[in-house]
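The task is simple: from the sequences and hints, build the whole structure.
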Amino acid sequence: MAAKFKPGDQVRIRVGSPPGHFRTPSYVQGKVGRIEAIHGDFRNPEGLAYGKDGLPKQFLYLVSFDQAQLWETYAASSRDRLFIDVYEHWLERVDCGS
Amino acid sequence: MPRVHDRGGWPDAGPINKAEHNYALWEKRTDALLMLLASPAKKVLRVDELRRAIESLPPEAYERMSYYERWISAIETLVIEKGILTKEEIDKKAEEKDS
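Just so you know, the protein sequences line up as chains A and B, in that order.
Numbered by our numbering, the letters in the first sequence go through residues 1 to 98 in order.
Numbered by our numbering, the letters in the second sequence go through residues 1 to 99 in order.
None of these hints come from the bench; they were simulated from the model.
Everything numeric in this text was worked out from a predicted model, so none of it was measured.
Ideal placement from N, C-alpha and C gives every residue a C-beta, glycine not left out.
Each hint should be verified, as a subset may be incorrect.
Stated by the list, open to error - Just a sample of chain B residues kept apart from chain A, beta carbon distances all over 10 Å, derived:
| no. | residue |
| --- | --- |
| 1 | S39 |
| 2 | D48 |
| 3 | E76 |
Claimed, not checked - Chain B regions said to be covered by chain A (calculated; three or more residues, Cβ under 8 Å):
| no. | stretch |
| --- | --- |
| 4 | 3–16 |
| 5 | 51–65 |
Quick look at the structure:
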C-alpha cells in the first residue's frame, strides 16, 4: 500500500473525538498543515490500545502548522511552526486554491 | 470538548516544576512492573493500552492522582480486563500488605 500524501501536500486534520483512545490532540483538529515527511507505516495505535493487532498499518506523517493559526493569542514570531506526527486516517487532502 | 489528558491550549496552570526528585520505592516498583509486563518476553500489555487506560480515568481521579498513581491504576485495570487477576485478589493482597 502506498502513502496517500507526499511532502509538501496541504492537509486538514479531521475533527472528531471518537470514544476510546486516539492520538490526535484537539488543538490541531480542523487546522490545515503541511506534510513535511513520511515516517513509514506502523500498526494503528487506536487498535493496539485495545489489545488488537493494529492492522492494517497506517502511514505516519510529520505535519507542520503555522503556530499563529493554532493559537488565537500567539504573540511570538509569525515564522514559528509546530511539528507533530499524525496518522493517515486523521488527514484530509486540501486542494490547492480551495 | 477535549478529554482530560488532551491538555494543549488549556488555561495556563502555572510553571512546570522541573526540579529533580527522588522516587518512592513503590514508584520504582510500578515502573519495573510495567517494563516487565510490556517486555518482549512477556507481552502481557502494550504501552498503547496503558495510555488508553490512563485516559479512561474519571477526570477528577486523573487530576488527583500523581504520575505513578495513574500508572498503577491503569495496570490494575488492564490485568483485571485481561483476566490475569481479579479485583478481589488485588484488594486482598493489598489488605495483607497493610496489616
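Okay, the hints, checked on the actual structure:
A cut-off of 10 Å between C-beta atoms confirms that S39 (chain B) is not in contact with chain A; the least separation is 16 Å. Not every beta carbon of chain A lies more than 10 Å from that of D48 (chain B), the smallest distance being close to 4 Å; the non-interface claim is violated. The beta carbon of E76 (chain B) sits about 16 Å from the closest Cβ of chain A, which is more than 10 Å, so the claim that it is off the interface holds. For a cut-off of 8 Å, the count of residues in the stretch 3–16 of chain B with a CB near a CB of chain A stands at 4, and the three-residue condition holds.
Evaluation of the coverage hint for the stretch 51–65 of chain B: fulfilled, as 3 residues show C-beta separations to chain A shorter than 8 Å, against a requirement of three.
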